[in-house]
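Using the sequences provided together with the hints, build the complete structure.
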Amino acid sequence: MVEIDPEMPLYSIGVVEDILGIPQRILRTYEEKGVIRPSRSDTNRRLYSQTDLSKIQYVHYLTHIKKVNLSGVKEIFDLLGKIPAEAREALLAESEREIQALSDEKKKILHEGAEEIDKEILTK
DNA sequence: TTTCTTACA
DNA sequence: TGTAAGGA
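According to this note's numbering, the first sequence is numbered sequentially starting from 1.
Read the hints as simulated data drawn from the structure, not as lab findings. Please read these numbers as outputs of a predicted model, since none were measured by experiment. Check each hint, because a few of them may be wrong.
[To be verified] Quick list of in silico lysine to aspartate or glutamate cross-link-like pairs, EDC-like style, CA-CA up to 16 Å:
#1 Lys55 with Glu3
#2 Lys74 with Glu7
#3 Lys55 with Glu17
#4 Lys33 with Glu96
#5 Lys67 with Glu32
#6 Lys74 with Glu32
#7 Lys66 with Glu32
#8 Lys33 with Asp78
#9 Lys67 with Glu98
#10 Lys55 with Glu7
#11 Lys66 with Glu98
#12 Lys33 with Glu7
#13 Lys55 with Glu94
#14 Lys55 with Glu96
#15 Lys55 with Glu120
[Claimed, not checked] Restraint-style ranges between C-beta atoms, simulated for each label pair:
#16 Lys106 with Asn44: 30 to 36 Å
#17 Lys33 with Arg88: 18 to 24 Å
#18 Asp118 with Lys33: 37 to 43 Å
#19 Lys82 with Thr29: 36 to 42 Å
#20 Pro23 with Ile109: 44 to 50 Å
For every residue, glycine included, the Cβ atom is placed at its ideal position computed from N, Cα and C.
Right, here's the structure in full:
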């Protein structure tokens, strides 16, 4: 079995944009504010790891749902680094569940929206 | 072609 | 945040 290192720099900024739906401009801002630190390729391209992707999703949740600004997010990350690993994982797991729940809800709404459109098309 | 930095609306 | 210029 070939497990891949979650810290391995893999994705270009364009790929991250496609996967997470977060514009490159924003991803660059995350880095400017010191919230996410992608590594660089030998040609200066940003390379994001799997853990970077997770952090980016968390940042997105914090800024959009919790209304935290990027300096707040940075503060939270600093704080998380000061508590024991078990406590941190518990906290992150909790947020993960909420993010998942919101994701499911979003999917459901999009699905319903698609049905509405289908219905509308059929009656035209 | 894609991404980089810088800068302006 | 979005978009553009100019270079790599």
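Going through the hints against the structure:
no.	hint	in the structure
1	Lys55 with Glu3	violated, 20 Å
2	Lys74 with Glu7	violated, 20 Å
3	Lys55 with Glu17	holds, 14 Å
4	Lys33 with Glu96	violated, 23 Å
5	Lys67 with Glu32	violated, 19 Å
6	Lys74 with Glu32	holds, 11 Å
7	Lys66 with Glu32	violated, 21 Å
8	Lys33 with Asp78	holds, 13 Å
9	Lys67 with Glu98	holds, 15 Å
10	Lys55 with Glu7	holds, 12 Å
11	Lys66 with Glu98	holds, 11 Å
12	Lys33 with Glu7	violated, 21 Å
13	Lys55 with Glu94	holds, 14 Å
14	Lys55 with Glu96	holds, 11 Å
15	Lys55 with Glu120	violated, 39 Å
16	Lys106 with Asn44: 30 to 36 Å	holds, 35 Å
17	Lys33 with Arg88: 18 to 24 Å	holds, 21 Å
18	Asp118 with Lys33: 37 to 43 Å	holds, 42 Å
19	Lys82 with Thr29: 36 to 42 Å	violated, 25 Å
20	Pro23 with Ile109: 44 to 50 Å	violated, 21 Å
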